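Following the hints, complete the assembly by docking chain B onto the known chain A.
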Amino acid sequence: MIMVFELTVNAQVQKTDTIYTFKEIVIRSSRLQNFAVGSSLQKIDSLSLSNYFHQSFSDLLNAQSLLMLNSYGSGGLSMPSVRGGGGTHTAVILNGVNIQSPMNGSSNMALLPANLFGRVDIQYGGSGTLFGSGAMSGAIHLESPDLFQQTNQMKFSFATGSFGLKNYNASAKIGNESLASSFQFYQHKSENDFKYHNVAKYQTPVESQTNAGLNQSGFFNQTKIKTSKSSDLSSFFWYQKFDKELQTLMTASDTSRANQTDQNIYAILRWQQSASQMSLSAKSAFINDIQKFVNPVLAEPITNNRALSIINEIEMKWMPGEKQMLNAGLNYTYEEVSSEGYRSLANRNRISFFLSHKWLNLFDKLDIVNSLRKEIVDLGVLPLVYSMDLNYALTNDIDAHGNVSKNYSLPSLNDLFWRSETFVSGNPDLKAESGWSGEIGFSEHIHATQPSIVLEQNFYTSTINDWIVWLPAEMGVWKPENKKTGRSQGMDLGLKIEQDLNRSSLQLNVKYNWNSSTFNEGESEDLPMIYVPKSILLINVVSQFEKWNLSYDHKFVSRRLYDHAHYLAAFHMGNLMLNYSVEIFGQPLSLALRINNVWNVDYQIMAWYAMPPANYMFSISYRIEKN
Amino acid sequence: MKRILFTILVLSIFFLAACKKNKNDFDPNQKYINGAFISNEGTFGSGNASVSFLDFNSDSVSNEIFMDKNSRPLGDVLQSMSLIGSNLYCVVNASNKIEVVDAKDFSELGAIEGLDNPRYAVGAYGKLFVSEWGNGGQVKMIDPITFIVEGTIAVGTGPEGIMVHDNLIWVANGGGFTVDSTISVIDPSTNTVIENIVVGYNPKEMTVDANGEIWVICNGYVEYDANWNIAGQKPSKLVKVSAQNLEVLKEILISETLHPQHIDISPDRKTIYYGGGYGFAGIHSMHYANETNTQIIAGDKYFYGFNVNPDNGDIYGLEAPSFTENGQLHRYNVSGEFVKGYEVGIGPNSVVFW
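Chains A and B are the protein sequences, given in the same order.
Under the working numbering, the first residue of the first sequence carries the number 1, and numbering increases by one thereafter.
Under the working numbering, the first residue of the second sequence carries the number 1, and numbering increases by one thereafter.
The following block holds chain A by itself, in its conformation from the complex (with noise of 0.2 Å):
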């Protein structure tokens, strides 16, 4: 759906004895395949994104990726935390759109379902020039499928587990190359209401968890038109109303009362338009997230939020020749706040320009990126930020990439402008926060016979200064105050082994990160960040024998502050997934079983946010399709 265009150029180099393709060039409309060449990029494949079909992809990305989902709960808010990074430092691009929140800054990972997206990457490291506010310390990536690639089909799935889990979902693609269209309509309920010990109280009574429900509804659909030889038109609109009680936490004891309703509206529309070496895209993006708080018990008992932002951009790629490429953009957008937490509609126009340009393949080996970004937020001007993108291929199977970034996060409008009439303020002298990004790493490509095995090593650092933090100041009034500064360093290996049999394959991914992260309020000592662990070890087995598919996700968390003198426990969690497809009337029939944390280990994310302990979902899903 993406793609302006594609122009490859392959360069080949020989050498005396071989013959090899060095290096196959592929420009799309991407900013990301295209710029970010110096960075670590994780691309989940789609027996994963199918094996998370009926779940959120809170759940997808924590059982696949080295970030840590922030989950309040099960399908609570969830926000990622990348690198040591808060949940307003990972931008999320859906079609090219940044989604996060004007409001609080951040995007709840538990309000996405898994299956919209055809393609997701995840960004590690920071990415301001490329990606704007709010990129620095990861962006993931979302791209809708391509319906030009995708055959015409409809497809049926239901899904039921543990803890009143039902999951419906109904999808139809129908065109040609020209005009084609696909709608989806889906729906995901559960109580919640698992059993589980209760290590916060007197004598550790069994409780069933109380007030964790949900109800998640929404249609999604995409149009693309082919408008001329070399343009399309494509559109995106995704609605959703999702009903969250609020989950009762361990320590209380009595019953939470408290639910969110979030009814969610994203409308994409974007114009692209090739010639052999140029390309101009256009989109326009209207996101409107409606918001209505209920707790009964607080002074204020209902608070209604709308978080509107209308994202225009415009951007051009010119390639001057077969070594060189340029990207300029620029981006306006509005964003508007209205809640009874303000005392008035709150607002902002962002105006950012951005540069790109690209050495590709010099001496057959380097590709070069350099960036600037430059933003205008209504009167006050942002620094000026840059970025350096370097990949070098140091063998045949060697490579080598690295970069360093200035990056920057502007305070969200709750941070700037919030005022309730309980002791919470908003504070409209926050500056944005700005911080450095590095990192160099490896990747090994050892494919000569089977199996095939890729050795990725990645060593980052960062720095974020005024880090926003809320804090108690005059009065018992809570406000938000550019206080800290926050560094992280560490370190990401990965192994990836795969191995074709007769009738089989088999396939291990194994990741690990360790990480240090400390942060520092002037005169102070460091101290380690919160909810950051130092080791995350990730183990993905996947295996398949003709028509059955077997796979288990592995994450170890190790302990985390929650404050700075408790811990969280590490833990271990473990999905196993079980799926096999067979034909019905020609067409594919795939019945799947999964059984979520299989070692039944009790665990915390967030403090004293009960988890669920083993439990078990079973899905049908039947695709028609016609070529």
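Please note that the accuracy of each hint is not assured.
In silico lysine-lysine, BS3-like type, Cα no more than 27 Å apart, as pairs [claimed, not checked]:
(1) A:Lys483 to A:Lys43
(2) A:Lys534 to A:Lys483
(3) A:Lys226 to A:Lys166
(4) A:Lys195 to B:Lys69
(5) A:Lys479 to B:Lys301
(6) A:Lys374 to A:Lys483
(7) B:Lys301 to A:Lys483
(8) B:Lys234 to A:Lys479
(9) B:Lys69 to B:Lys104
Simulated from the structure, these hints should not be mistaken for laboratory data.
Quick caveat: nothing in here was measured; it's all calculated off a predicted structure.
Only chain B this time, still in chain A's reference frame:
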């Protein structure tokens, strides 16, 4: 009436005698003997409230004594603690419960649940009286042994400090998120409010002087406009109330713009101390009779709470620099000279001497 009061008094003495285990009674398992328990609120929403113990014999602090003994968290926001005999009642505000422990070793005895925004507690007449912000402001009466809620008495908005004096229960209606200007006086023989006395804006705590009169710290409040600019302020005051006639005897202006929240008194009940809260520097003292300010202790510090040791008059100032890091206890002698500082838990707000 006198007969009823006498009966209540006798019953109370029996009750207290029954449940009071003197801390000096020999008990080989007793861990905490001579010292002070510090109530640490913790971070709202994080369930990390804690209790610290300052051992007077070793002059050292043990933090996390509830977690250490019972291998579980105390809960979310420890607002206050109250002793009845050797039972310590820990009022955990955001968890809507009171955790009950044996102060001798901090072993758990149970939890009182089903509360509605509890704040402070006091034991009297065989009951535990608990101020709560819920339902517009109320006092719950609870059996301190069975933990059964026996009744509820409606009081003013946002009730805070609660104490027993002169056979009556006194409740400071602190205003909660809004404003109140009264203290409610409850007759425990009928469990009814017999008087609401208008004092000053947002009364928070009370103490009793050597003459048996009540002193109330009224916090005042700040009004903000739509842009968070200060639109006006109501002054903070010390108000003296006759325990006999239930009427205001005197009002002393503290400040038009500063708003202390806490009050305590010297062992001889002749020196009143006030201070603490947000933006009020130091702990100020005043003679109860001539009402002249005598000294300002640690005028360069902003304490979140403080208390006075009823045995020797030492003053314990509690600093909460943020609600994510540990706080500090600063001990001053009766002359106001700094003696020693100690690291305690997150958000220390008050001290119970033991």
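These are the hints, each one checked on the structure:
no.	hint	result
1	A:Lys483 to A:Lys43	violated, 35 Å
2	A:Lys534 to A:Lys483	holds, 23 Å
3	A:Lys226 to A:Lys166	violated, 38 Å
4	A:Lys195 to B:Lys69	holds, 26 Å
5	A:Lys479 to B:Lys301	holds, 20 Å
6	A:Lys374 to A:Lys483	holds, 24 Å
7	B:Lys301 to A:Lys483	holds, 20 Å
8	B:Lys234 to A:Lys479	holds, 22 Å
9	B:Lys69 to B:Lys104	holds, 11 Å
Violated hints, in rising order: 1 and 3; the structure is consistent with all others.
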